[in-house]
Amino acid sequence: MAIDIVRSRKYSLTVSTPVMPASGTVGFGDRYRDLLDFEKLGAFVTNAATIEPWRPARGTRIIPLDAGVLVHTGLPNPGLAKVIKQYRRAWANMPIPVILHLLGTSARQLKRALPLIDEAQEIAAVELGISDDSDAADAVSLVAAASQMEKPLLARLPFYECQQLALPLADAGADALVLTAAPRGTARDPHSGRLVSGRVYGPLIKPMILRMVGRLRRQLPEELPIIASGGIHSPQDARDYLEAGAVAVQVDTATWAQPKMLERIARDLGGWVATRQKDALPDEWNPEMTHTEVIQRRAT
Amino acid sequence: MAIDIVRSRKYSLTVSTPVMPASGTVGFGDRYRDLLDFEKLGAFVTNAATIEPWRPARGTRIIPLDAGVLVHTGLPNPGLAKVIKQYRRAWANMPIPVILHLLGTSARQLKRALPLIDEAQEIAAVELGISDDSDAADAVSLVAAASQMEKPLLARLPFYECQQLALPLADAGADALVLTAAPRGTARDPHSGRLVSGRVYGPLIKPMILRMVGRLRRQLPEELPIIASGGIHSPQDARDYLEAGAVAVQVDTATWAQPKMLERIARDLGGWVATRQKDALPDEWNPEMTHTEVIQRRAT
Amino acid sequence: MKETQAYIERIMRVNRGHQRLALAVDHSLSSMLAGQAMLVRRIDKDYEAEHWDPYLRELWFPVEIQASNIVIVERPARTHYLPGQLFSIIGPVGKPYRFRQKLRNILLIAYNTTPAALLLMVPPLLAKQVSITLVLMGSAKQYESNHLPEEVEVLQADDNLTWPDMVMTLGWADQVFVLVGQGDEAGYFSDIMQLMRERHSDIPANYVFGVVERDLPCGVGACHACVLNLRGAQKLQCTDGPAFDLTELRLN
Amino acid sequence: MKETQAYIERIMRVNRGHQRLALAVDHSLSSMLAGQAMLVRRIDKDYEAEHWDPYLRELWFPVEIQASNIVIVERPARTHYLPGQLFSIIGPVGKPYRFRQKLRNILLIAYNTTPAALLLMVPPLLAKQVSITLVLMGSAKQYESNHLPEEVEVLQADDNLTWPDMVMTLGWADQVFVLVGQGDEAGYFSDIMQLMRERHSDIPANYVFGVVERDLPCGVGACHACVLNLRGAQKLQCTDGPAFDLTELRLN
Ligand SMILES: Cc1cc2nc3c(=O)[nH]c(=O)nc-3n(C[C@H](O)[C@H](O)[C@H](O)COP(=O)(O)OP(=O)(O)OC[C@H]3O[C@@H](n4cnc5c(N)ncnc54)[C@H](O)[C@@H]3O)c2cc1C
Ligand SMILES: Cc1cc2nc3c(=O)[nH]c(=O)nc-3n(C[C@H](O)[C@H](O)[C@H](O)COP(=O)(O)OP(=O)(O)OC[C@H]3O[C@@H](n4cnc5c(N)ncnc54)[C@H](O)[C@@H]3O)c2cc1C
Ligand SMILES: Cc1cc2nc3c(=O)[nH]c(=O)nc-3n(C[C@H](O)[C@H](O)[C@H](O)COP(=O)(O)O)c2cc1C
Ligand SMILES: Cc1cc2nc3c(=O)[nH]c(=O)nc-3n(C[C@H](O)[C@H](O)[C@H](O)COP(=O)(O)O)c2cc1C
Ligand code: FES
Ligand code: FES
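Protein chains in written order, with the working numbering: chain A, 84 to 383; chain B, 84 to 383; chain C, 1130 to 1381; chain D, 1130 to 1381.
Think of the hints as simulated: they come from the structure by calculation, not from any bench.
All figures in this text were calculated on a predicted structure; none of them were measured in a lab.
Please note that the accuracy of each hint is not assured.
Claimed, not checked - Some, not all, of what chain A presents toward chain D, calculated at C-beta under 10 Å:
#1 97
#2 138
#3 148
#4 273
#5 341
As the list claims (entries may be wrong) - Label-pair ranges, simulated between beta-carbon atoms:
#6 1364/D to 1153/C: 50 to 58 Å
#7 1291/C to 1140/D: 51 to 59 Å
#8 1140/D to 199/A: 51 to 59 Å
#9 1175/D to 1212/C: 17 to 25 Å
#10 1156/C to 1162/D: 53 to 61 Å
#11 199/A to 1193/D: 46 to 54 Å
Here a beta-carbon is modelled for each residue, glycine too, at the ideal position from N, C-alpha and C.
Chain A extracted, bound-state conformation (with noise of 0.2 Å):
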């Protein structure tokens, strides 16, 4: 199988499986190598990288919810220049292709930041980070700065301003849309019992979701991709989304839950099927285990 994930305009960028970790869930290296077999997924999404570096947030970052949790973390990183000579090595050594996640702040700011990224081949695409509450003019002059890179670039849309974003912001530039990043929300620290402003995630998310990824794939472009974010959290969940109209899916807080859905949702989408010993006991099969015996690769 291999599935390009955004347009052909200058460049490509290919995976063979449908399937990557989202930002922020599986961090900037190979923190996951003991728990998941990065050469099953079809791409690795860095954690968020800023141009300047950011501070840890104050306080609670995760508060627990039913059947999701609310995070908060202020996205801490050391700065772009910092994170792409800490990491590069990891990024080499991976065996497929590394998209690093960029926060957008300013036009400005990030034009300064573009060779820093052209000039590392460890990274194969850019995914665009768009902030909440942004408006179209100042999302739209991101991308275009950010489109002037020898990448292909993703963007990553924020979810109540997708609808208003995506057409714009596929003018602008963007190779592919990532819909959506997960929902701001607010909710009580049962610790401190402060109220605690953040993302929230879980498999509810994924309704909300899959009908805007159906409404957008029929008002854009035709030959704009688009890779679907939220609330995965079983390979139906991605197959879901595919049906929509997407090329891609990316599985978020699920990882964290359960580090081998990932892999599994992957080997599910890239159509390796495993079957399973009748009467095995799960200590002896599982279908989340990294070496399970692979019995079939569908025809692609």
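Assemble the complex: chain A is given as a structure, and chains B, C and D with the ligands must be docked to it using the hints.
Just chains B, C and D with the ligands now, kept in the frame of chain A:
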């Protein structure tokens, strides 16, 4: 306790406890009479009536989700005139104010319906449902038309558009805003395998709408009450909304899952405190029971 | 109709796919009749919902009522239950099935679902010497029926929805109850009606009943998720069902 | 660090508020040392998550390790567990506590949390004749400690965070481990450091350790939800913790 949940233009609407069911969850009349003590609630909100009769949706209407449910009933109802005729007796017998939920379609149609509503003394107020994907101009003309009525007018905003519509509808004459209707989504019916589009309910909706309520409370005119609705499943959920600036709350599908929860939230927010005999069995005592002895009523 | 609590008193595995739970219920539920059901959710010791997943209540049809407060239900074996587990129950939900006065032969069809919703009628009908034929169709064929009373004749339909001696079974039946699984109820009922119409040119009223077991969000007639179109009227599965005269049901 | 499966072999109620579970674990976990923990979620027989609620894995610190594959954990009594229940485990998570070579007296403080995360060190330290004092503070005072080895001296702090013979206990201690509950870790540690500073004008390195037990979404250093600011560096609770020298931790 006496809480006015509309701004004092021409009318007032006073409730004794800031808790009511959301439209669509408890029916048009007294269907829940065996399971709920209406007297403990602040108000009764009817299912959606439309000016013309609407038929039920075809196919699957309920799709179970993880810690939630997708619902698409098609809002079947025999049309406003028949709804009033059929239920006015039940409304007259309610110990609490009845708020009619009216689905807004066109301003012209709506104007013709107003005399019916004004004439029905059993109706204390109208909650106007604003359709998803409404543009601001249409929504404004609907609210402006409905505000000609001789009763208080609540406007219930769609989820995705609430940020854009809130201020215009406040200006157009809404006496209170209900934030928000449940978000639309799409899910796969596990039985038929088909995608079904409808509304998404569950506790994970709450952090998203809590954030919206907090933001809009800061943006809207101070004297315009907000009634919060979305994902309330516990007294703490309801209190979080009040703390974010809502004057009252609507409990939605939690009532189906655990009917007494609505009453329990109402007792809690209404200042009714029940204590439990130590070591009592659940059968002998439970906080949901309609006739649990009320030990104490907080000063208000 | 009220909300009460129940706990599991005993668990009996009846075959590879199913277990039966003996529920100690409130006395208001021990007079339930075939056709009536309970809306059930797990609760913890403090009478709180244990989780919001599953979210809606499950529709459980009793298969047997023992003594004054023991109700037996049949559940899939894959779900893990424990003696002592607590449930909140809303019920009884629905109206009892209506049988002919001079009922001699009854035909039960379970199509793409287990026959559980039909089983509570078995003991009283057998006691009245009614002969019972149960036809398993579609996915219902996987249902293992050895634990049912041996007086019940169990037949398997083939993929064309016919079965051995079909002409005779249909001819003899004084009344037919067709229980269908969730999904495409209208389509399943159409299949059956076609079968019937090939036998009877004119199907009388109160002869073939369709039984539905869709999820019921509220169970009290409030949410309107369970509306069915009947000739001339809209009816609710929860308060008017679960059985409807198939000649009146509009299979849109 | 890997993902393995475990099941409950035995459940023992140890006091009104707590039960202990004997988990049969993979051998890779039986060499865990005090300070290390497991990220645990319930799974069903097919190794699938039973529910997505609770969503994140729970952080379980062993309190005892028996034989080659039995790990004992202490859990609240209000949660219902069953022998045979299956879990998926990611672990071991974190680094072992570091003790002084010539440790004679150790002071353990549990502040607004149960002391479970400190208990695995008890058997080996007692075996080495180290004397152990455990002070329960804040909500930890509700913890019933009768099931702990009687050699452990258990003291209750009062509302001013002082306790009988505090001056002596602090003076004698060669090392202090302060375990705090979730919420305002920085504030809790500040309370303790103030107490310490009133005794020692200059607190040496590797003397007072703060132990944190926040939820760990990933446990492998990927999500950055558990970053702590130390003097001069950012550290992760999951891979560098759970114990940090309190003189280095930046209590912002
Ligand atoms: C005059 C009128 C009469 C109507 N009568 C009825 C009626 O009798 N019964 C009834 O049930 N409804 C009726 N409708 C409602 C209508 O069919 C839709 O249900 C409604 O417009 C839904 O709006 P939406 O924004 O949720 O749809 P959208 O989400 O935009 O969906 C529109 C269509 O796309 C499909 N879709 C959505 N998301 C995806 C996806 N991710 N992948 C693939 N496909 C997707 C949906 O299944 C749907 O068919 C009526 C509407 C009008 C205007
Ligand atoms: C230059 C800059 C530097 C920053 N540095 C940091 C940093 O170092 N660390 C960090 O964590 N963040 C930082 N932030 C982020 C910032 O503090 C907010 O977290 C961010 O703007 C959140 O956006 P939002 O739309 O989710 O906020 P909103 O949801 O609009 O919330 C804004 C405020 O309102 C409160 N609130 C939200 N909803 C409700 C409600 N329903 N009821 C009551 N109150 C509510 C929130 O708690 C928050 O304080 C920085 C932002 C900028 C622009
Ligand atoms: C110019 C700018 C600078 C920011 N700097 C920081 C920062 O240093 N640390 C931080 O936590 N958030 C910072 N933010 C806020 C982030 O937008 C926001 O908190 C972050 O996206 C958190 O996302 P999360 O909720 O998904 O963890 C900054 C935002 C802007 C616009
Ligand atoms: C003018 C108009 C007429 C409609 N008529 C119907 C109708 O007769 N039946 C129907 O199911 N939906 C009808 N709808 C669609 C409803 O907007 C939508 O399906 C309804 O809100 C369902 O909501 P639910 O998903 O919450 O059940 C109509 C919409 C409009 C704008
Ligand atoms: S289940 Fe709600 S109306 Fe029937
Ligand atoms: S728990 Fe994810 S980085 Fe520590």
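Exercise. Report the numbers of all earlier hints that the structure fails to satisfy, in ascending order.
Key: 1
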